[in-house]
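Line order of the protein sequences matches chains A and B.
For what it's worth, our numbering labels the leading residue of the first sequence as 1, then goes sequentially.
For what it's worth, our numbering labels the leading residue of the second sequence as 373, then goes sequentially.
Quick list of in silico lysine to aspartate or glutamate cross-link-like pairs, EDC-like style, CA-CA up to 16 Å:
| no. | chain 1 | residue 1 | chain 2 | residue 2 |
| --- | --- | --- | --- | --- |
| 1 | B | Lys510 | A | Asp223 |
| 2 | B | Lys576 | B | Asp560 |
| 3 | A | Lys357 | B | Asp659 |
| 4 | A | Lys253 | A | Asp223 |
| 5 | B | Lys502 | B | Asp529 |
| 6 | B | Lys708 | B | Asp682 |
| 7 | B | Lys571 | A | Asp223 |
| 8 | B | Lys653 | A | Glu365 |
| 9 | A | Lys253 | B | Asp634 |
| 10 | B | Lys571 | A | Glu226 |
| 11 | B | Lys653 | A | Glu359 |
| 12 | B | Lys653 | A | Glu358 |
| 13 | A | Lys253 | B | Asp560 |
| 14 | B | Lys718 | B | Asp741 |
| 15 | B | Lys571 | A | Asp227 |
Which residues of chain A face chain B? A partial, calculated answer using Cβ under 10 Å:
| no. | residue |
| --- | --- |
| 16 | Gly220 |
| 17 | Asp221 |
| 18 | Asp223 |
| 19 | His353 |
| 20 | Asn356 |
| 21 | Leu360 |
| 22 | Asn361 |
| 23 | Leu370 |
Just so you know, these hints were derived from the structure itself, not from any lab.
Heads up, the beta-carbon is just placed ideally off N, CA and C, and yes, glycines get one too.
The lines below spell out each chain.
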Amino acid sequence: MTPLFPRQSTRALSVAGLLIALFFAPRSCASQQSASTFDDLASAAAAARDQQNIPVAIQLYTQAEQLNPSWQEGWWYLGVLHYSSNQFAEAIGAFNHLLELAPRAVPALALRGLCEFETGTYDDSLRDLEIAAKHGAAADPRNEQIIRFHLAQLLTRASRFQDALEQYRYFATNHINAPDLMIGISLAGMRTPSLPKAVPAAERETLEAAGKAGYTFLSGDSDRAEDLFLQLFAQNPSAPNLHFFYGMLLFAKHPELAVEQFRRELLVNPTSDEANALFAFTSVTAGHFADALEPARLAYASAPDMELAQIALGRALAETGDLKRGAELLEQVISHDPDNVEAHLGLLSIYSHTGNKEELNHEREICRRLAS
Amino acid sequence: MSAKSVEGLPASMRGLALLAIVALSGTPFVHHLSASPPSQSHGKQAQANEASATCGTCHVAVVRNYSAAPMRHAMEPDGANSELIAHPDLKTTIGLYTYRVTTKGGHTTYSVTDGSNTISTPIEWIFGQKTQTWVLEKDGRFYESLVSYYPRDNTLDVTPDDANIKPSTLLEAMGRPVSTAEVRTCFDCHASGLVPGEKLVTAKTIPGIGCERCHEGAQQHMTDAAADNFKTIPKHLKRLDAQQVSNFCGQCHRTFDNVIRDRLHGNGTVRFQPYRLELSKCFVGNDPRISCIACHNPHQPADRVASHYDAKCLACHSSNNASSAMHSAKICPVSKSNCTTCHMPKTDIPGNHAQFTDHYIRVVKTGEDYPQ
Numbered sequence: 001m002t003p004l005f006p007r008q009s010t011r012a013l014s015v016a017g018l019l020i021a022l023f024f025a026p027r028s029c030a031s032q033q034s035a036s037t038f039d040d041l042a043s044a045a046a047a048a049r050d051q052q053n054i055p056v057a058i059q060l061y062t063q064a065e066q067l068n069p070s071w072q073e074g075w076w077y078l079g080v081l082h083y084s085s086n087q088f089a090e091a092i093g094a095f096n097h098l099l100e101l102a103p104r105a106v107p108a109l110a111l112r113g114l115c116e117f118e119t120g121t122y123d124d125s126l127r128d129l130e131i132a133a134k135h136g137a138a139a140d141p142r143n144e145q146i147i148r149f150h151l152a153q154l155l156t157r158a159s160r161f162q163d164a165l166e167q168y169r170y171f172a173t174n175h176i177n178a179p180d181l182m183i184g185i186s187l188a189g190m191r192t193p194s195l196p197k198a199v200p201a202a203e204r205e206t207l208e209a210a211g212k213a214g215y216t217f218l219s220g221d222s223d224r225a226e227d228l229f230l231q232l233f234a235q236n237p238s239a240p241n242l243h244f245f246y247g248m249l250l251f252a253k254h255p256e257l258a259v260e261q262f263r264r265e266l267l268v269n270p271t272s273d274e275a276n277a278l279f280a281f282t283s284v285t286a287g288h289f290a291d292a293l294e295p296a297r298l299a300y301a302s303a304p305d306m307e308l309a310q311i312a313l314g315r316a317l318a319e320t321g322d323l324k325r326g327a328e329l330l331e332q333v334i335s336h337d338p339d340n341v342e343a344h345l346g347l348l349s350i351y352s353h354t355g356n357k358e359e360l361n362h363e364r365e366i367c368r369r370l371a372s
Numbered sequence: 373m374s375a376k377s378v379e380g381l382p383a384s385m386r387g388l389a390l391l392a393i394v395a396l397s398g399t400p401f402v403h404h405l406s407a408s409p410p411s412q413s414h415g416k417q418a419q420a421n422e423a424s425a426t427c428g429t430c431h432v433a434v435v436r437n438y439s440a441a442p443m444r445h446a447m448e449p450d451g452a453n454s455e456l457i458a459h460p461d462l463k464t465t466i467g468l469y470t471y472r473v474t475t476k477g478g479h480t481t482y483s484v485t486d487g488s489n490t491i492s493t494p495i496e497w498i499f500g501q502k503t504q505t506w507v508l509e510k511d512g513r514f515y516e517s518l519v520s521y522y523p524r525d526n527t528l529d530v531t532p533d534d535a536n537i538k539p540s541t542l543l544e545a546m547g548r549p550v551s552t553a554e555v556r557t558c559f560d561c562h563a564s565g566l567v568p569g570e571k572l573v574t575a576k577t578i579p580g581i582g583c584e585r586c587h588e589g590a591q592q593h594m595t596d597a598a599a600d601n602f603k604t605i606p607k608h609l610k611r612l613d614a615q616q617v618s619n620f621c622g623q624c625h626r627t628f629d630n631v632i633r634d635r636l637h638g639n640g641t642v643r644f645q646p647y648r649l650e651l652s653k654c655f656v657g658n659d660p661r662i663s664c665i666a667c668h669n670p671h672q673p674a675d676r677v678a679s680h681y682d683a684k685c686l687a688c689h690s691s692n693n694a695s696s697a698m699h700s701a702k703i704c705p706v707s708k709s710n711c712t713t714c715h716m717p718k719t720d721i722p723g724n725h726a727q728f729t730d731h732y733i734r735v736v737k738t739g740e741d742y743p744q
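Produce the complete structure using the sequences and hints provided.
Right under this line is the structure:
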């Protein structure tokens, strides 16, 4: 099994070292410095760094940057050395300088994101890591684990649970395992916008077990995952969001089974807007429009801005006879989300039922375009 | 294999694909249908025949006709399939592996060998009456057979959507492992007796589509009718409009919504008749002349003679309709017979050894690509 998340100092050095390979820039700026002092400082800093004399290297790079603040390589190594020394605020400062000079320095963005994670500036960290990942920082398999894990935690904290689970899927499909990973998966699956390190010790065991069940599902072994979830349900019959978690995992490929999990979630957690909305939406996708009506009404009444509730209620109303109100809700979705395929499918169905051929053909073409 | 293409169907939907390759016609097999699964441990069509109170007690003609309908034979139990009885020793070699399907003494065995070792397993579930794929069970796990039987060419060949699988072990050559949830999806459209939202229990299923599967409440109606209570009659499906019928049939044959949501493309979509029909310019939900059941009686085998459908086309495309309440459509300048041969062309799916009628009704242009 691949070791994940080693001790912080080791991890910092490792990640920095790997990212260096992506970013390393020649000392082009330094060459413009005629003063031998700068060259001497730069050489001495590099030598100290090579000898792992980190405090001295930091001092020398700092002095060199004072002489030549446009020296990108110096800011890079200064940031990396601070990061390696767990001096995250100072590392952020160095990377800020570098990113002002080279805004497309994706490795610097990734390392700044990791530093921001450590200093607790999570929104900044999420922004940086997401951009870095989008631009290939996680494409290198050696960097992928640490960037994805931090990104997944931050996505969970930001309540972007499905995006987080997609990041965690990478670990499951590659059979990479660790206790904090299980807790992270569990938090994302159980809609808890928190970080694994914030989980009280008393709750860790249950969350690890739930995370293990989710991990097993994401790894592709849905039969074993079902056994694990059934054990969890038996041990925690009134725990909120457990059935929701399993339902969300089932939803993409097995909506006919997911709907039952959402129904059971509502028995435990009857006021959950998300569970009501998903129960309604899953019933809609299964063509059980009458079943969708009541939970959709509840979800919409409680969370009228929730798009899923608008879609589920709009479609359920339309398919059970209230075409006018259904169309209004679906048009409302399209007004702020013009390419929402579910809303267009709902309108298509309304125009089909009413015989409005022109609008029907129009919606049909939109749906085909959105599916292409 | 793309998760979005029909050629690489999402795993959960492969079972549905099987339904679409079920060939038509068959010998009357079941004369009386029970609405519910048997209470005994192993469900067989024979048990349904033996039920004391059945749908056929009152609905004699419908049940008699339906006994020969392809949906009734969407799955057949071991020993009941006429194709396998007629072809008791089927054999093919694909790559390093030789497959053999032998039927003897009312039982069929599926075996695969690499020349040194052999795996043999009984076939318990036959998906399809003519063209057929088998779900196998070995050591407590389910597998979809890697080869299927194609009656048009009287041959075994690679199962639809499995062409990209390159087995490296004998077990992989036997079949594609499928989760219980995926197998449940297959059974849901090929058998009866599944409990909505519940895990599959194969012993409680009955091969083929029984009355209750479409006529929800049939079992209750049968019980009540035996006591002269006719207040619990199942919903009249004839009252559904064309859009609702399309959605209803699409539960298994795939709806327009399903195909758009799953972004399915390619010739393989020809198997999804409700989707293809809804692409037609003439499809509109409030016109009963374009409903699935305007042309097809689900209780009977589909008619294979093109002229059988002429009257259905002319119900719209005829000058006789000019004064009718329903508006008429353009009149074909070429012919008034065998309309489907031009406007609903037969389409091949590569590797499927079968042709399907494209239900996308249109003016077909010579040399045009398969319209998505």
